[in-house]
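Undergrad: Heads up: the protein sequence lines correspond to chains A and B, in order. Going by my numbering, 198 is the number at position 198 of the first sequence; the sequence numbering is gapless. Going by my numbering, 155 is the number at position 155 of the second sequence; the sequence numbering is gapless.
Derived by calculation from the structure, the hints in this document are not laboratory data. Check before you lean on any hint, since a few could be wrong.
As the list claims (entries may be wrong) - Listed next, the in silico DSSO-like pairs over lysine-lysine satisfying Cα-Cα at most 27 Å (straight line):
id, chain 1, residue 1, chain 2, residue 2
1, A, Lys127, B, Lys134
2, A, Lys204, A, Lys251
3, A, Lys251, A, Lys81
4, A, Lys93, B, Lys134
5, B, Lys218, A, Lys130
Unchecked claim - A few chain A residues that don't get close to chain B, going by computed Cβ distances all over 10 Å:
id, residue
6, Ser56
7, Asp92
8, Ala106
9, Leu107
10, Pro120
11, Glu156
12, Arg221
13, Asp249
Cβ coordinates follow ideal geometry from the N, Cα and C atoms, glycine included.
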Amino acid sequence: MITQPEINRPIGQEHDVPVMQLRNVSKSFGTNDVLRDFSFDLNKGENVVVLGKSGSGKSVLIKCIIGLIKPDSGSINVLGKNIPELNNHELDKIRAKVGFLFQSNALYDSMTVRENLEFPLRRHKAKMTKTQIDELVVEALTNVGLAHTIDMRTSELSGGMKKRVALARTLILKPEIILYDEPTTGLDPITGKEISELMRELAKKYNTSAIIISHDLNCVRIVADSIVMLIDGKCYAQGKYEELQTSNDKKIQEFFI
Amino acid sequence: MKQGVLMRFLNETGDITRFAGRFFKEAFKPRYEIGEFLRQCFFIGYKSLPLVAITAFIMGLVITIQSRPTLVEFGAEAWLPKMVSVSLVREIAPVITALICAGKIGSGIGAELGSMKVTEQIDAMEVSGTNPFKYLVATRIMTATLTIPILVVLADAVSLYGGYLGANIRGVVSWDLYWNQVFDTLAFSDVIPSILKTFFFGFAIGTIGCYKGYNSNKGTEGVGRSANSAVVISSLLVFILDLLAVQIIDLLNLT
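Could you build all of it, start to finish, from the sequences and the hints given here?
TA: As structure tokens, this is what we get:
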């Protein structure tokens, strides 16, 4: 069923446990209102795609969720904590449970693949031994099929490989929620499909929930359990891919042409 | 609304001051990024050694050769080591080294942090639970502040050796005589203030490079602009700080 924003969406089914609840989140830059009373829920094990035009505020939304941007108003409840109210120390704790895959991959140029993957561990798993860290790094790289690149520099990797390494780095802390910022942008359709299938497979393997920002319909079809339409800064509609695809609403239809 | 030039200058000065204040607030609190600090010492300090040494050697040599004819005219050729050592140690070696470092280190830090900023690497660091200001900025400012004085001491020594060779191109000054004259002339009041001011040079170079890189925007164009303005502003600051240092030294009668 397609849910319009005016209607309060029931918080999932009885067996659904919300891991993230956004309520009336607003953010503006100067006179530009990017998010306007945006609300939605993410349930455990669910993959929600946020679909919207370029510049519609999708990236701002997930940066608000991870605490990189502070919303002007509203609450962002992640795993029981309201993100805008947390101090840096509390934010760090939450960030260990929330992975973020950047659109540009954001791999550290000055480091090797191994060092890139070890970086999140140095803070969150400070008490681990070298052997344990090595095992985790190898496991994360094996999950994305790139164990052989462990000692390569990131500049030697192709676009698809960089995306996979970034995904491995995101997953190394075994997060409960993963935020993907346009994971297939800039990739060819075949590699994009591989990445989308990998995301699906890893979500199943580690039972993670995810918010995926995308406008790549192939990726959306593969990974989405449900889709949130971000239009005019609001949660314009929410529903399954097939439901939205057959919607009569003109604004929704534009995305599926 | 478009800001005037004066307003932008004041805003920028305020932002840089706040940025420097944040360094003092964060750099001395645990957790200390010792590994990154040592890595930066290698890149900022050790990797700048050859450039600083070659420049200092040439400056020592050239200053001696250029000064000689004037001293010969007054029959004061024997004073050559004295004059050269004072000008090299008090002014030329510190300022030239700081300018070389402003170019090499300032632009390097500005471009590195700028490209990290526009490719979201700084955000990625924050998301992975590492304070990027502490990890990237505090370590680089600290390294620049501590390594530039060491480079200046080296530059002093190498430039004085250049001066010795310069003195022997036309004239004859023995190794022992040259160094005896140099050390007879130089007092602690020459050496200490000139080294102390280089801590400020280093701090200014590190702070400006980091500020420009950390606040870089507008994609790759912004990175180039950050690197460029880091060099321009830190070079200018070196001269301003030098001017202030000379006034203070003069006031304290250390001349």
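Undergrad: Hint by hint, where does the structure go against what was stated? Just the numbers, ascending.
TA: Checked against the structure, the hints that fail are numbers 2, 3, 5, 7, 8, 9 and 10, while the rest are satisfied.
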